[in-house]
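Undergrad: Whenever a hint applies, use it, and build me the whole structure from the sequences.
There are 2 protein chains.
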Amino acid sequence: MKVLLVFAHPEPASLNGALRDVAIDELVSQGHEVRVSDLYADGWKSEIDRADFPELDPAKPLQPSKASGEAFASGALTDDVKAEQEKLLWADVLILQFPLWWFTMPAILKGWVDRVYSYGFAYGVGEHSDTRWGDRYGEGSLAGKRAMLIVTAGGWEEHYSERGINGPIDDLLFPIHHGILFYPGYDVLPPFVAYNVHRLDDAGIERLEERLRERMRDLGSTPPIPYRKQNDGDYLIPSMRLRPELGKPEANGFALHLERPAAL
Amino acid sequence: MKVLLVFAHPEPASLNGALRDVAIDELVSQGHEVRVSDLYADGWKSEIDRADFPELDPAKPLQPSKASGEAFASGALTDDVKAEQEKLLWADVLILQFPLWWFTMPAILKGWVDRVYSYGFAYGVGEHSDTRWGDRYGEGSLAGKRAMLIVTAGGWEEHYSERGINGPIDDLLFPIHHGILFYPGYDVLPPFVAYNVHRLDDAGIERLEERLRERMRDLGSTPPIPYRKQNDGDYLIPSMRLRPELGKPEANGFALHLERPAAL
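Respectively, the protein sequence lines represent chains C and L. Counting in the numbering used here, the first sequence runs without a single skipped number right up to 267 at its last residue. Counting in the numbering used here, the second sequence runs without a single skipped number right up to 267 at its last residue.
Hints are computed from structural coordinates only; laboratory data are not their basis. Watch out, some of these pointers could steer you wrong.
The list cannot tell twin chains apart, which means a pair is met if one copy fits it or any two copies do.
As the list claims (entries may be wrong) - Below, computed lysine to any residue pairings styled on SDA-like, alpha-carbon distance capped at 20 Å:
#1 K48 / V116
#2 K148 / A86
#3 K69 / P15
#4 K251 / P171
#5 K69 / H201
#6 K69 / A16
TA: Right, dumping it as structure tokens:
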């Protein structure tokens, strides 16, 4: 398979840097082709602004989604964004690797999403009608591909458990899993999460790396999180509410969007 | 009261720009003192990197939380970060205003959080012992102050409802409300959310602005979201799990952290 790893940590000599190398080595040794977008090393620009749309009339106000749709359609996006879109289309698997900062991704990776996910590429795709609400949530430009997070967290695993004070990790990651990866079509694999990373000893790091190698070996076979596809009939149109007869009444808002909540 | 509004939209001539002006006008006319951090206009730097820590030994790997704690303690943070921290300490109320991009804040605002929320300032505060797990979640440097989001979304309100496909807006915003605002001590007010913003007509915008004026008038009296404080006895230490007898069994992971789930 072809794998794109997007890496968002400022320090190569970090646990994140070590885990990245472990992942890449294992993937290569399994015969996969790997490309890496190292956002810090590449000096990735994080902010969507007017410079992203060189052909936008300077007299016009910037409407980011409109400008992004026009630039995507006319091939007028900047080269850095086009290169990332090309890599996304090339890859069978996308891996986003980052330290969990304030319960989500670092700014530089959010800026990669904001800028690379153009209108017409990652959203605003497909027919909008009485029976379809565009190609999104399981359909879209990146459908048929797999995606997965590799995340490090300073906090304890218990603090991210079902009743932990931070909130359950699956719910904290839902906006990324469902809203950023499933949205343009990816099958989303369960995340690889390393906890308590500032307090790991050598043996702990070794166990972590072995667990990551295993995940990389199973990249093609791990069952994805069973999110419901938007256009398979589970949602009412245009309210996009889950049909009243579906979902356990006691499921939380996010878990409603799983076909088999018990499976997680 | 003293109000700090952090604004994260690239275009002043936008609905966000208009709402910002409405909010400021109303606050000023109520006699409040208002300061604005306009991140795009100020050219805010989004990425935490080595340049944030001028005194860090170039031979040492960058460990962001460690470097941030050392620089905060020795007064060696960069001027832009120090200025924002000073504003946060000055303000009685913090307002974060942004368009919801990919179900969370734009990169530039995440970068404001990543860089301004230093170790020792927004986390790593207070005593860690058998009976206290630091001053966080309701306690900390910013305790006694209020915070609130002003958010615009392109999607429909129904899509963000309890059974809507995007997930409920309260759950989508939980990582910001609870993880970024309540964490360093803020009382978090219910958010102001504008939906369907690309399809609003003049009357719709007028209604929206009136609703925002009302929220600004009630800024001092609106009851905050009733999150449970970490150190008030509801959580076990050190697992930081909610005590088994607390929380409705059918509450979802996030709603468990409300003292009165029904209140929302």
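Undergrad: Evaluate each hint against the coordinates.
TA: Quick rundown of the hints versus the structure:
With identical chains, the CA atoms of K48 and V116 are at most 20 Å apart both within one copy (11 Å) and between copies (17 Å). Proximity of K148 to A86 under the C-alpha cut-off of 20 Å is restricted to the intra-copy arrangement: shortest distance 18 Å within a copy versus 44 Å between copies. Taking CA atoms no more than 20 Å apart as the test, K69 paired with P15 passes between copies only; the shortest distance there is 16 Å, against 37 Å inside one copy. For a Cα distance limit of 20 Å, the shortest separation of K251 from P171 qualifies both inside one copy, at 19 Å, and across copies, at 16 Å.
With identical chains, the CA atoms of K69 and H201 are at most 20 Å apart between copies only, with a shortest distance of 10 Å across copies and 43 Å within one. Taking the shortest alpha-carbon separations for K69 and A16, only the inter-copy value of 14 Å comes in at or below 20 Å, while the best intra-copy value is 40 Å.
Checked against the numbered hints above, the structure violates none of them.
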